[in-house]
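Trainee: If you read the protein sequences in the order shown, they are chains A and B. For the first sequence, my numbering gives the first residue as 1, with consecutive numbering after it. For the second sequence, my numbering gives the first residue as 1, with consecutive numbering after it.
Mixed in with the good hints, there may be bad ones.
Any copy will do: because identical chains look the same in the list, a pair fits if it lies in one copy or spans two.
[What the hints assert, rightly or not] With a straight-line Cα cutoff of 30 Å, these simulated DSBU-like cross-link-like pairs (lysine-lysine) come out:
| hint | residue 1 | residue 2 |
| --- | --- | --- |
| 1 | K237 | K19 |
| 2 | K244 | K19 |
| 3 | K129 | K234 |
| 4 | K19 | K129 |
| 5 | K129 | K33 |
| 6 | K237 | K129 |
| 7 | K234 | K244 |
| 8 | K33 | K237 |
Quick caveat, the hints were computed from the structure, so don't treat them as lab data.
Number of protein chains: 2
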Amino acid sequence: MSIAPTVLDRIQRVTQAPKVALHEPTFGGNELKYVTECIQTGWVSSVGEYVNRFERELAAYTGAAHAVVVSNGTSGLQVTLELVGVRRDDEVLVPALSFVATANAVRHCGAWPHFVDSDVCTLGIDVAKLEAYLRDIAEQRNDGCYNRRTGRRIAAVVPMHTFGHPVDMPALVELAERHRLEIVEDAAESLGSWIGDRHTGTFGRCAMLSFNGNKIVTTGGGGAIITNDGALAKRAKHVTTTAKQPHPWAFFHDEVAYNFRMPNLNAAMGCAQLERIGQFLEAKRLLASRYVDAFRDVPEVSMFLERPGTQANYWLQTLLLAPEVAAQRDEILATTNAAGQMTRPVWELLYTLPMYSSCERMATPVADDLAQRVVNLPSSPQLMPGVV
Amino acid sequence: MSIAPTVLDRIQRVTQAPKVALHEPTFGGNELKYVTECIQTGWVSSVGEYVNRFERELAAYTGAAHAVVVSNGTSGLQVTLELVGVRRDDEVLVPALSFVATANAVRHCGAWPHFVDSDVCTLGIDVAKLEAYLRDIAEQRNDGCYNRRTGRRIAAVVPMHTFGHPVDMPALVELAERHRLEIVEDAAESLGSWIGDRHTGTFGRCAMLSFNGNKIVTTGGGGAIITNDGALAKRAKHVTTTAKQPHPWAFFHDEVAYNFRMPNLNAAMGCAQLERIGQFLEAKRLLASRYVDAFRDVPEVSMFLERPGTQANYWLQTLLLAPEVAAQRDEILATTNAAGQMTRPVWELLYTLPMYSSCERMATPVADDLAQRVVNLPSSPQLMPGVV
Ligand SMILES: Cc1ncc(COP(=O)(O)O)c(C=O)c1O
Ligand SMILES: Cc1ncc(COP(=O)(O)O)c(C=O)c1O
Chain A
1 MSIAPTVLDR IQRVTQAPKV ALHEPTFGGN ELKYVTECIQ TGWVSSVGEY VNRFERELAA
61 YTGAAHAVVV SNGTSGLQVT LELVGVRRDD EVLVPALSFV ATANAVRHCG AWPHFVDSDV
121 CTLGIDVAKL EAYLRDIAEQ RNDGCYNRRT GRRIAAVVPM HTFGHPVDMP ALVELAERHR
181 LEIVEDAAES LGSWIGDRHT GTFGRCAMLS FNGNKIVTTG GGGAIITNDG ALAKRAKHVT
241 TTAKQPHPWA FFHDEVAYNF RMPNLNAAMG CAQLERIGQF LEAKRLLASR YVDAFRDVPE
301 VSMFLERPGT QANYWLQTLL LAPEVAAQRD EILATTNAAG QMTRPVWELL YTLPMYSSCE
361 RMATPVADDL AQRVVNLPSS PQLMPGVV
Chain B
1 MSIAPTVLDR IQRVTQAPKV ALHEPTFGGN ELKYVTECIQ TGWVSSVGEY VNRFERELAA
61 YTGAAHAVVV SNGTSGLQVT LELVGVRRDD EVLVPALSFV ATANAVRHCG AWPHFVDSDV
121 CTLGIDVAKL EAYLRDIAEQ RNDGCYNRRT GRRIAAVVPM HTFGHPVDMP ALVELAERHR
181 LEIVEDAAES LGSWIGDRHT GTFGRCAMLS FNGNKIVTTG GGGAIITNDG ALAKRAKHVT
241 TTAKQPHPWA FFHDEVAYNF RMPNLNAAMG CAQLERIGQF LEAKRLLASR YVDAFRDVPE
301 VSMFLERPGT QANYWLQTLL LAPEVAAQRD EILATTNAAG QMTRPVWELL YTLPMYSSCE
361 RMATPVADDL AQRVVNLPSS PQLMPGVV
């Protein structure tokens, strides 16, 4: 029997609106005020007080020593991978279950994604399984960890905190030390997610955040690099801003570099959004509990909830279909979307995309299974109007 | 005898202000209105009506069949080079006299800049000299033009329209056909510059524009690709927006691609700025004539003016020092900047930068000479308050 009508009904009970997006930003704070100030003072471009302020406030919020804002998360990930030493034809361990940008950033460095299975408890990299896999396929050489099969160096691992649910970072940090891998966290989705009292993105050498329009805090488009490594932060700023040396007039640039700047206009919006992250988090947490209540009498589905000891930002609300109704996923998506309640499956697994189909990977039964069973539900904070 | 005090005096006579930047944007039109609309409707991110409108209006203004907006000019140049077929370890002919981004974009494709001398009449590539040089160093093979010395393919040439002064494109187009080179125009500085009735950027296969904060029209940060080639425009849109295939819910991406999107927020500002380009051009033209008048009695310097048959946008006002006072350049820069009248030399020649010092190049006596003699003067359109 189809559960699609029931799923639709329960979503509608929570959203109480005829037409609902998956995630829409909300700008009821100082966004307009700060952006107006940029336009009225003329400071809209890549140098400006909001750029500095947004960097300071991101560092303060996440507890990272440094933040460097960039044009978006994808570019931020490319740069951080390069800065931790990923080189052409290295391999980088990446979850099979992620947005395509995680793998694209690896290719933008000239390196190759190497796909890893998921942990059903975190939706992120399965650390124990990765450990067993590396014991099997990898060996230590002078300059790092090598894939015995391909002869390529495995330079880094990129844990991605899916929908804001933290990867088991303490375990991954130990693994990375044992195998001499750099960790760059793809924290695009996890601003406001914590493990104990440490923010996601502060466990690896560095991390990238995204402020794309669909994220918990948006700058229209944008991203940031966060790190506790002062030298790395300095290099990140340098290579994302054309590597120009300070001089009253001369244009002297000292290395091949990027224009990955975030304009002050966008940083202004980011400052205003960040002021409201507490509200956004509260609304998303309340929304999760509403969905839990609504689906309590539907045994074929369950809400994916934060693990003990972690705090998820509940950026995207995640319904898991039981295996016996996984085959109904597309029907559920069709029914809910047709009725104006926007839902989404998780991404196509990266190794199934044509440009990544011949990349190295471990067997990924858990990711394969999750890919059939995840349905993201309407997640905008303004669905909880008492809070936002 | 030092001419620095005289130069300062003449600049002050024109600007009539105690403290003047090199180029500042001005937002007296619909900028705030359109940006406010984005914030109030929630459409700030990478999909939105202002993105489509800015693309349509850029195409209409330049006469190019298509425009695709991107996150900035550097990224736009990287993508266009890749799209016309520049591959790893190819060489790309680039003026020695340009902003560092022109060469960086070539390296971002994995190719190598190969530096070319300037024409003293255009400040851009000297086409006749390039012709003689290619006859000397290049040969045709099956798949294109090769540098005999390095054995590398010379895949493309990137004319850059310096400060808005058009390169001799008709001659370059003929040369490129003869030698089977693709042309990608770096039109970062030349929105509003024409050769006859054709806009710069419409002579090659495609071109890149920049809307950085210092450009004639700004989006805070941003750029565009313009082209008459419909297939190339379609590919440009696809690869700058993660190569996602249209589908009501599935995330299927069909090639390695970028997030080089321009947010709707920034495109909104671009639409408002573009409405005013006529005024900006008029102000800059008037400013040029004011400087001509002011410097008429200073025989050691001359204003660099548009060639017959072309219309320059006069984005940056350009003073040329006579050879006998070239040695005074730094003194002129120091005097004027100390007095609050911001002036700038031209960029350090690209082959003098450490990361490009071992790249291929022809002898560049004209660029070497110009690099000592160019001084850019305050150029903001609002210096002509009657016009803007
Ligand atoms: C997991 C993940 N990685 C990378 C990105 C890329 O970030 P951006 O869109 O800012 O380039 C995103 C978001 O789009 C994401 O969700
Ligand atoms: C000649 C030239 N090329 C490339 C660029 C790069 O454009 P953007 O700053 O938008 O990346 C600029 C402007 O900064 C430029 O002046």
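Trainee: Need the list of violated hint numbers for this structure, in ascending order.
Mentor: 3, 4, 5 and 6
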